[in-house]
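Colleague: Taken in order, these protein sequences are the chains called H and S.
Quick note: the first sequence uses my numbering, first residue 1, plus one each step.
Quick note: the second sequence uses my numbering, first residue 1, plus one each step.
Any given hint could be a false lead.
Because identical chains share one entry, a pair is satisfied inside a single copy or across any pair of copies.
Taking lysine-lysine and the BS3-like style, the derived pairs with C-alpha atoms no more than 27 Å apart in a straight line are [as the list claims (entries may be wrong)]:
(1) Lys23 / Lys35
(2) Lys17 / Lys6
(3) Lys160 / Lys133
(4) Lys133 / Lys56
(5) Lys6 / Lys23
(6) Lys133 / Lys17
(7) Lys56 / Lys35
(8) Lys160 / Lys35
Simulated from the structure, these hints should not be mistaken for laboratory data.
Residues per chain, in single letters:
There are 2 protein chains.
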Amino acid sequence: MEYSSKLLSEIVDEIAKLPGIGKRTALRLALYLLKQPEAQSEQLSQAIIRFRKEVKHCKICHNISDKDVCDICSDERRNHALVCVVEDIRDVMAIESTGEYNGVYHVLGGKISPIEGVGPADLTIEQLLQRIKNYQIDEIIFAMSATVDGDTTNFYLYRKISELPNSPGISTIARGIAVGEELEYADEITLARSILNRVPFEKSIKQNK
Amino acid sequence: MEYSSKLLSEIVDEIAKLPGIGKRTALRLALYLLKQPEAQSEQLSQAIIRFRKEVKHCKICHNISDKDVCDICSDERRNHALVCVVEDIRDVMAIESTGEYNGVYHVLGGKISPIEGVGPADLTIEQLLQRIKNYQIDEIIFAMSATVDGDTTNFYLYRKISELPNSPGISTIARGIAVGEELEYADEITLARSILNRVPFEKSIKQNK
Chain H
1 MEYSSKLLSE IVDEIAKLPG IGKRTALRLA LYLLKQPEAQ SEQLSQAIIR
51 FRKEVKHCKI CHNISDKDVC DICSDERRNH ALVCVVEDIR DVMAIESTGE
101 YNGVYHVLGG KISPIEGVGP ADLTIEQLLQ RIKNYQIDEI IFAMSATVDG
151 DTTNFYLYRK ISELPNSPGI STIARGIAVG EELEYADEIT LARSILNRVP
201 FEKSIKQNK
Chain S
1 MEYSSKLLSE IVDEIAKLPG IGKRTALRLA LYLLKQPEAQ SEQLSQAIIR
51 FRKEVKHCKI CHNISDKDVC DICSDERRNH ALVCVVEDIR DVMAIESTGE
101 YNGVYHVLGG KISPIEGVGP ADLTIEQLLQ RIKNYQIDEI IFAMSATVDG
151 DTTNFYLYRK ISELPNSPGI STIARGIAVG EELEYADEIT LARSILNRVP
201 FEKSIKQNK
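This is chain H alone, in the form it adopts within the complex (with noise of 0.2 Å):
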């Protein structure tokens, strides 16, 4: 496509990079802020510009906050013994959303992926070790997606823990049948799955709300 532009061009351009969008939708979008006041697209770049140079990662857990360390891991009233490992700060947010979960987390940014040229080095795995290291910590969650690469990087991680002196205790998040789900529709590996890790029915109905 020509454009009439260059400026319009070059803003195409720039917003058609993002995942998910392309070409067509961001002409639509550079439209859309030319008919809205300048002051929304001061904003909207300003905001991309700062979150990219000022946002930091908490030290201890690797998730997205503006201090050194995060409002989870400087809260005294959790359990600081038990580790959530997640992909990235997505997977912290639906997990607090439960408000189920009084442990600590762990975020890895992404999970090891031959495909995507994701190896051990590019995620927060030595950070994790050395955090197991020279923290008392009795057991460690993996929370992955329940994928290839999300099974590479347990088996990674669960290796290279088991290899520690101090090695904690390691737990995967359930797979099952989702509450709502029709047994019918399930696939089979995690019906089975959901067969094999069955939970004594008392303990079911006191989960139940």
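Given chain H's structure and the hints, the job is docking chain S onto it.
Modeller: Below, chain S without anything else, positioned relative to chain H:
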């Protein structure tokens, strides 16, 4: 949703102000930027602010341009007595890409829409009337969307232009069965229009490529 960082919350809010982008997508885009080199965020940020602050509109046709008079309006090989009235720059690009139009344009900047609070004064209608008064224009082509708002705009323009002393001929683009479309799936109004506005067969053969 609660974010672990004010900077993150800020960028998510700003991105989510864009049409068709929710908070979840905005968060995904922000995290994507964080993984890319800082230069990409800088370029995006600058492109937005430069576009918004520096972009000009052609003083003749009101299309987006880097110059006072756009490339189309300053092209002497084009027919400046034939003016196609469109809603916005995307329509100019769409018609240009057909390669079949040799006239010039007038970009209204939207259409009259009582529901969205867009009146004649919000568009470049007065400029179009001035343009007709001051230049020798033989024909005006209405190329608005075939919607209620598009029709409203057409009727308003038709009345205003007809009142002028040197009122040019007024036409609208043909409504009909799209090329490649099957008759049975066409709606009745479109089908009726395509019959009422039928074209001599020999003329239509010449238009096939």
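Colleague: Each hint needs a verdict: does it hold in this structure or not?
Modeller: Taking the hints in turn, this is what the structure says about them:
1. Taking CA atoms no more than 27 Å apart as the test, lysine 23 paired with lysine 35 passes in both settings, with 19 Å inside one copy and 22 Å between copies.
2. Taking the shortest Cα distances, lysine 17 and lysine 6 sit within 27 Å of each other both inside one copy (17 Å) and across copies (25 Å).
3. With identical chains, the CA atoms of lysine 160 and lysine 133 are at most 27 Å apart within one copy only, with a shortest distance of 12 Å there and 80 Å across copies.
4. In this homomeric assembly, lysine 133 and lysine 56 come within 27 Å of each other (Cα to Cα) only inside a single copy, at 24 Å, whereas the closest approach across copies is 61 Å.
5. In this assembly of identical chains, the alpha carbons of lysine 6 and lysine 23 lie at most 27 Å apart only when taken from the same copy (15 Å versus 30 Å across copies).
6. When the C-alpha separation of lysine 133 and lysine 17 is checked against a cutoff of 27 Å, the pair qualifies neither within a copy, at 41 Å, nor between copies, at 45 Å.
7. When the C-alpha separation of lysine 56 and lysine 35 is checked against a cutoff of 27 Å, the pair qualifies only between copies, where the shortest distance is 13 Å, while the shortest distance within a copy is 34 Å.
8. In this assembly of identical chains, the alpha carbons of lysine 160 and lysine 35 lie at most 27 Å apart only when taken from different copies (25 Å versus 55 Å within one copy).
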